[in-house]
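**Student:** Residue numbers (our numbering), protein chains in the order written: chain A, -17 to 95; chain B, 261 to 371.
It is possible that part of the hints are untrue.
[Stated by the list, open to error] If we take Cβ atoms under 7 Å as the criterion, some of the chain A residues that face chain B in the derived model are: (1) S(-16); (2) G24; (3) L25; (4) F27; (5) A38; (6) G40; (7) V81; (8) G83; (9) F86; (10) G87; (11) S88.
[Stated by the list, open to error] Restricting the straight-line Cα-Cα distance to at most 25 Å, the calculated cross-link-like pairs of lysine-lysine (BS3-like) are: (12) B/K317 / B/K329; (13) B/K317 / B/K358; (14) B/K302 / A/K(-9); (15) A/K39 / B/K358; (16) B/K358 / A/K(-9); (17) B/K318 / B/K302; (18) B/K302 / B/K338; (19) B/K338 / B/K319.
Simulated from the structure, these hints should not be mistaken for laboratory data. The C-beta atom is built at its ideal place from N, Cα and C for all residues, glycine as well.
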Amino acid sequence: DSGVTQTPKHLITATGQRVTLRCSPRSGDLSVYWYQQSLDQGLQFLIQYYNGEERAKGNILERFSAQQFPDLHSELNLSSLELGDSALYFCASKPGQGVGGYTFGSGTRLTVV
Amino acid sequence: ILNVEQSPQSLHVQEGDSTNFTCSFPSSNFYALHWYRWETAKSPEALFVMTLNGDEKKKGRISATLNTKEGYSYLYIKGSQPEDSATYLCASTGGGNKLTFGTGTQLKVEL
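Chain A on its own, in the form it takes in the complex (with noise of 0.2 Å):
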């Protein structure tokens, strides 16, 4: 166990709905970050959180949207979903801003039929 809880493991749903996926960091870790594993790419960095706050967005669409709430998880929501949508969602957090090694969640797998 990581530290880093994801909600739910497994998802599987319909195009055209919406789903939110969960995340609670490693107890003390300010940052979150959402990742995103297609087929076959490596994982794409959506966006990041500090202590409730964006600071970077990475290639995120428009139908999705996260946040962080003031006991640090995070949520990311993802409407309208595609087919293409289907993917392995990473959570990730670290203490604060500065260098250091990513604490992994063990990923949300989102199945979009």
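Given the coordinates of chain A, assemble chain B onto it according to the supplied hints.
**Tutor:** Okay, now just chain B, sitting in the frame of chain A:
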């Protein structure tokens, strides 16, 4: 180099062999280079974070070197064991905070 590139894409070695992989990254605006080990059905696990040119880090049989001027890093595994089988990811940060990952090198160590 605009992206992080890793080679080879996959590698099969025999138990006891030593092996190495390459990670190439943009040398301009470099901040840090990360190596992660990712076993199937588990989450990526941090191996090393390196920032200085010429840096060398070691953890057991695994070591890594960094050349920030030419934009590459090598990961070495000495005396490979079946439990070393995993995908090895490298990622760089340049200025900002986001990690840009390579697509990984998939290592399979056979008995």
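**Student:** All hints, please: hold or fail.
**Tutor:** Going through the hints against the structure:
1. Residue-level restraint check for A/S(-16) holds (minimum Cβ-Cβ distance to chain B is 6 Å; threshold 7 Å).
2. Because the smallest distance between the Cβ of A/G24 and any Cβ of chain B comes to about 4 Å, under 7 Å, the interface hint for this residue holds.
3. Residue-level restraint check for A/L25 holds (minimum Cβ-Cβ distance to chain B is 4 Å; threshold 7 Å).
4. The beta carbon of A/F27 is positioned within 7 Å of a beta carbon in chain B (closest approach about 4 Å), and the interface hint is therefore held.
5. With a least beta-carbon distance of about 5 Å to chain B, the hint placing A/A38 at the interface is held under the 7 Å criterion.
6. Given hint, A/G40 at the interface with chain B, holds; its Cβ is 6 Å from that chain's nearest Cβ, closer than 7 Å.
7. The beta carbon of A/V81 is positioned within 7 Å of a beta carbon in chain B (closest approach about 5 Å), and the interface hint is therefore held.
8. About 3 Å separates the beta-carbon of A/G83 from the nearest beta-carbon of chain B, less than 7 Å, and the hint is met.
9. With 7 Å as the threshold, the beta carbon of A/F86 comes within range of chain B, its nearest partner Cβ sitting at about 4 Å, so the hint holds.
10. Satisfaction of the interface hint for A/G87 is found here, the shortest Cβ-Cβ separation to chain B being roughly 6 Å, below the 7 Å cut-off.
11. Because the beta carbon of A/S88 sits about 5 Å from the nearest beta carbon in chain B, less than 7 Å, this interface hint is met.
12. A threshold of 25 Å between alpha carbons decides the hint, and for B/K317 with B/K329 the separation of about 18 Å falls inside it, so the pair holds.
13. The hinted pair formed by B/K317 and B/K358 meets the criterion: a straight-line CA distance of about 22 Å does not exceed 25 Å.
14. At roughly 11 Å between alpha-carbon atoms, B/K302 and A/K(-9) fall within 25 Å of each other, so this suggested pair holds.
15. With a C-alpha separation of about 8 Å, the suggested pairing of A/K39 with B/K358 holds against the 25 Å cut-off.
16. For the suggested pair B/K358 and A/K(-9), the alpha carbons sit about 24 Å apart, so the restraint of at most 25 Å is met.
17. Distance restraint check for B/K318 and B/K302: the Cα-Cα separation of roughly 23 Å lies within the 25 Å cut-off, and the hinted pair is therefore satisfied.
18. Annotation: proposed proximity of B/K302 to B/K338 holds, straight-line Cα distance about 23 Å (limit 25 Å).
19. Between B/K338 and B/K319, the direct Cα distance comes to roughly 11 Å. Compliance with the 25 Å bound is thereby established for this hinted pair.
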